[in-house]
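Start from the sequences and build out the full structure, keeping to the hints where you can.
Here is what each chain is made of, one letter per residue.
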Amino acid sequence: MTRSELGREAFVLGFSLLVAMAAGSLLVLLLGESPARVYGLLLSSTWGDAYGVGQVLFKATPLVFTGLSVALAFRAGLFNIGAEGQMMLGGLAAALVGAALPVETCAWLALPLAVLAAAAAGALWGAIPGALRAFLGAHEVINTIMLNFVASALVLGLGHRVFLPETTHTALVVEGARLPSLGLAGSAANLSFVLALGAALAVWGFLSRSRRGFELRALGLSPGAAEGAGVRVRATLVAALAAAGALAGLVGCNFVLGYKHYYEEGMGRGAGFMGIAVALLGRGHPLGVVLAAVLLGTLSHGGVAINALVPKELVDVLQAVIILAVAASSAVFSHQVRRSGP
Amino acid sequence: MTASVENVLELHGVSRAFGAALANDRVDFSLERGRIHALVGENGAGKTTLMRVAYGELQADAGEIRIKGEQIRPARHSPREAIRRGVGMVHQHFMLVPPLSVVENVVLGREPLRRGLLDLDGATRGLEEVSRRFGLGVDPRARVERLSVGERQRVEILKVLWQGCDVLILDEPTAVLAPAEVRHLFGALRGMTAQGLAVVLITHKLDEVCALADQVTVMRQGRVVAELAGDAATPAEIACAMVGREVPLQVSRGPRGVPDGTEALLCVEGLRVARAEGTDAVAGVSLQIRAGEILGLAGVEGNGQRELLEALAGLRPAAAGRVLLGGRDITRLGVAGRLTAGLAHVPEDRQARGLVLDFSLAENLALGRLAEFAGPLGLRRGRLRSEAARLLAAGDVRPASPEARAGSLSGGNQQKVVMVRELTRPGLRVLLCGQPTRGVDIGAVLHIHRSLLDAAGRGLGVLLVSADLQELIALADRVLVLFRGAVAGELNGAALDDNAAPERLGGLMTGAGEGA
Numbered sequence: 005m006t007r008s009e010l011g012r013e014a015f016v017l018g019f020s021l022l023v024a025m026a027a028g029s030l031l032v033l034l035l036g037e038s039p040a041r042v043y044g045l046l047l048s049s050t051w052g053d054a055y056g057v058g059q060v061l062f063k064a065t066p067l068v069f070t071g072l073s074v075a076l077a078f079r080a081g082l083f084n085i086g087a088e089g090q091m092m093l094g095g096l097a098a099a100l101v102g103a104a105l106p107v108e109t110c111a112w113l114a115l116p117l118a119v120l121a122a123a124a125a126g127a128l129w130g131a132i133p134g135a136l137r138a139f140l141g142a143h144e145v146i147n148t149i150m151l152n153f154v155a156s157a158l159v160l161g162l163g164h165r166v167f168l169p170e171t172t173h174t175a176l177v178v179e180g181a182r183l184p185s186l187g188l189a190g191s192a193a194n195l196s197f198v199l200a201l202g203a204a205l206a207v208w209g210f211l212s213r214s215r216r217g218f219e220l221r222a223l224g225l226s227p228g229a230a231e232g233a234g235v236r237v238r239a240t241l242v243a244a245l246a247a248a249g250a251l252a253g254l255v256g257c258n259f260v261l262g263y264k265h266y267y268e269e270g271m272g273r274g275a276g277f278m279g280i281a282v283a284l285l286g287r288g289h290p291l292g293v294v295l296a297a298v299l300l301g302t303l304s305h306g307g308v309a310i311n312a313l314v315p316k317e318l319v320d321v322l323q324a325v326i327i328l329a330v331a332a333s334s335a336v337f338s339h340q341v342r343r344s345g346p
Numbered sequence: 377m378t379a380s381v382e383n384v385l386e387l388h389g390v391s392r393a394f395g396a397a398l399a400n401d402r403v404d405f406s407l408e409r410g411r412i413h414a415l416v417g418e419n420g421a422g423k424t425t426l427m428r429v430a431y432g433e434l435q436a437d438a439g440e441i442r443i444k445g446e447q448i449r450p451a452r453h454s455p456r457e458a459i460r461r462g463v464g465m466v467h468q469h470f471m472l473v474p475p476l477s478v479v480e481n482v483v484l485g486r487e488p489l490r491r492g493l494l495d496l497d498g499a500t501r502g503l504e505e506v507s508r509r510f511g512l513g514v515d516p517r518a519r520v521e522r523l524s525v526g527e528r529q530r531v532e533i534l535k536v537l538w539q540g541c542d543v544l545i546l547d548e549p550t551a552v553l554a555p556a557e558v559r560h561l562f563g564a565l566r567g568m569t570a571q572g573l574a575v576v577l578i579t580h581k582l583d584e585v586c587a588l589a590d591q592v593t594v595m596r597q598g599r600v601v602a603e604l605a606g607d608a609a610t611p612a613e614i615a616c617a618m619v620g621r622e623v624p625l626q627v628s629r630g631p632r633g634v635p636d637g638t639e640a641l642l643c644v645e646g647l648r649v650a651r652a653e654g655t656d657a658v659a660g661v662s663l664q665i666r667a668g669e670i671l672g673l674a675g676v677e678g679n680g681q682r683e684l685l686e687a688l689a690g691l692r693p694a695a696a697g698r699v700l701l702g703g704r705d706i707t708r709l710g711v712a713g714r715l716t717a718g719l720a721h722v723p724e725d726r727q728a729r730g731l732v733l734d735f736s737l738a739e740n741l742a743l744g745r746l747a748e749f750a751g752p753l754g755l756r757r758g759r760l761r762s763e764a765a766r767l768l769a770a771g772d773v774r775p776a777s778p779e780a781r782a783g784s785l786s787g788g789n790q791q792k793v794v795m796v797r798e799l800t801r802p803g804l805r806v807l808l809c810g811q812p813t814r815g816v817d818i819g820a821v822l823h824i825h826r827s828l829l830d831a832a833g834r835g836l837g838v839l840l841v842s843a844d845l846q847e848l849i850a851l852a853d854r855v856l857v858l859f860r861g862a863v864a865g866e867l868n869g870a871a872l873d874d875n876a877a878p879e880r881l882g883g884l885m886t887g888a889g890e891g892a
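The listed protein sequences derive, respectively, from chains A and B.
For the first sequence, position 213 (counting from the first letter as 1) is numbered 217 according to this note's numbering, and the numbering increases by one without interruption.
For the second sequence, position 96 (counting from the first letter as 1) is numbered 472 according to this note's numbering, and the numbering increases by one without interruption.
The set of hints was computed from the structure by calculation and includes no laboratory data.
Backbone N, C-alpha and C define an ideal beta-carbon position, used for all residues, glycine too.
Hints are not guaranteed to be accurate.
Said to hold, decoys possible - These stretches of chain A come out as covered by chain B in the derived footprint (C-beta under 8 angstroms, 3 or more residues):
no.	stretch
1	180–192
2	202–216
To be verified - Here's a subset of chain B near chain A, in silico, CB distances under 8 angstroms, partners left out:
no.	residue
3	A451
4	A712
5	P723
6	L731
7	V732
8	L733
Following this line, the structure appears as structure tokens:
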């Protein structure tokens, strides 16, 4: 991405934020409150103290993972609507592996195993629609959506065996498999956020610096040219969706290994679908995904605080307007760019 | 205005800019009734822009448009308005719905009603009448997906005529047609002008212009640089006006043929390639390409040339037969394996197969050659950039900037990027080349022809598939003709130098046998 493109993206995002704030102000006024007070509270409750910051990061972490998942698949020309299911199974796998380990397992062994289990389960759930697409030509949008339902049913079906009696959650993972807290004033933020930043860096490096990343981008932009250049199209499709699934599976780290220390039915619900919005806001770029996830994390936690003044659904409206404005303005701007050429 | 000369379309001082680039700069153009008026120029000269302004698809920034004497206000102009006044345009890329029938395609958007119901029967009869009157030979009931490219084009023309237009603008109508189809089209156009219609023919094929046009307007860099009478203009004169300097129209080559006993680089034995429907696209083709030889492959579109080329490149599986490269059996290898083995492919569809249009030129030059730029820490971007700069300069690509987006280049320069990437592959022995100069401007054509001859001079084998017979005759040592997937005949040596070579090739291409 060149500097001017980066500037344009930043402009689109800033402009969309302004539009959303203006729309939000109108709504607040209609509700008989002062926009300044509401926005002030929203900011002070999130970025105003260590606890707020921690909660924002905690809420942003799953969105970074699912946003990266959708963005990576998108760069290969695939729509991954299945992050939700991949995330569920990743969380469950992390919890089961983490709980099955002997109690005295040291962190150096337990943590990688639990994290790998999360990634592997997600990868499997991504590889299935990847293979269906690559070998049978079945569209991945349909199949990833359907596999969300299958994942959800699988969790419930397995529930009888894996959940503790009379509960909808698994046993606690062993001490060694728990990700330490970031120590931000008792907030839920944990090392998963750092892991998420690492994942973003890895995806960025993969896409911009590696051979396979180069081939994946070529495939996403022009399947014919990629095939003509000798890219193994089928293998790349499967690998791209598997990698996307692995990223979504890592969401399990945040809730299971870093926060509750067990998997609970319905945990983190919606973060998979929100990943689509994050990838859109982040313009498919790993850095953009991190920023978008933090922005949505801010709104999400801020919503709890402003509930004292206005219904917390206001932040849902803000969120929706931002997404709409980004979608619309990026269409407008890319249209103008195209028009300026012959 | 006299009674004998009536201008049906007049443009005065039309200007149109795209961003900072001036595509049309105060252009005057007038079309007389009953005439075929050729609008020629290189890619990017502004021909299509000018006609899209006339047709109301683009708004002029300045200037005046008159249709049949009536002035049109630019802000009011639209394709709908143009058609209402009898001006229709057929675009280079067809806009048809393949699963629908011809009549359904034609009425789409202005469906005729009878007692409130769609009246396809009436339209069918009307279309038959129009088709007969102008000798288009199109069956209104046929499904478009079953039609050849040439027939689809006549459907587009039929559509414009059925809408009542008597001024036709055709954008590069012959770019994808075989010689017989070109003749059919030209015959139909002659018939139309004889009945008082007027035609604008946008093209950059000079022999066509001289054969057909009554008037010729030459554009260069957005301006009209010459207006000539069709019967007086020569290709050399027009080319000179298009490019702005003297240009040789053909590269010169040495005597044809390679010495006996020269090593055969590529041997194809009984190759069969299946179509999706199960029939054979290539039905048992055997051929050899020797070192330093350019083997031409001619045929009417759809007779297996494309499938043969793609099968050799590893993009399609062979149903039977063997392919040997330097004695090594490569039949089972995929694209990547064949590239490593010493094969290179300049694909027919450079925009869909040869380039990633949204990639930079440097990235495009790395396509399929990543091994050369791989380092321990991933791609070596610095090396890629410097190598790209070197290749772009060597390949005469403009702009020679590694960061430029491939999609922003002209067709000719895009093709030069593909050519230089493929021709500089390490270990290259045989080049497969499909339609290298389709949609490419004159200057680039010469460069491409020269690099193909140079490649053969370096001892490479070249398989050249082209719809342009003159190109094959100019470059090839031997020409094979494919008909229905099989080799129908071969011309070489003196037979290719003979003036009757195009006719003989044409005969073989249509299955009429040699010399027909």
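Tested hints:
Proximity of the stretch 180–192 of chain A to chain B, defined as three or more residues with a beta carbon under 8 angstroms from a beta carbon of that chain, is not established by the 0 residues found. With a threshold of 8 angstroms between beta carbons, the proposed coverage of the stretch 202–216 of chain A by chain B holds, since 4 of its residues qualify and at least three are required. With a least beta-carbon distance of about 18 angstroms to chain A, the hint placing A451 (chain B) at the interface is violated under the 8 angstroms criterion. Contact between A712 (chain B) and chain A, as hinted, is supported at the beta carbon level, the nearest pair being about 3 angstroms apart and thus within 8 angstroms.
The restraint placing P723 (chain B) at the interface with chain A holds, with a minimum CB-CB distance near 6 angstroms, inside the 8 angstroms limit. A cut of 8 angstroms between beta carbons decides the hint on L731 (chain B): the least distance to chain A is about 6 angstroms, and the hint holds. Because the closest C-beta pair between V732 (chain B) and chain A is about 4 angstroms apart, less than 8 angstroms, the hint holds. About 7 angstroms separates the beta-carbon of L733 (chain B) from the nearest beta-carbon of chain A, less than 8 angstroms, and the hint is met.
Of the numbered hints listed earlier, those contradicted by the structure are 1, 3.
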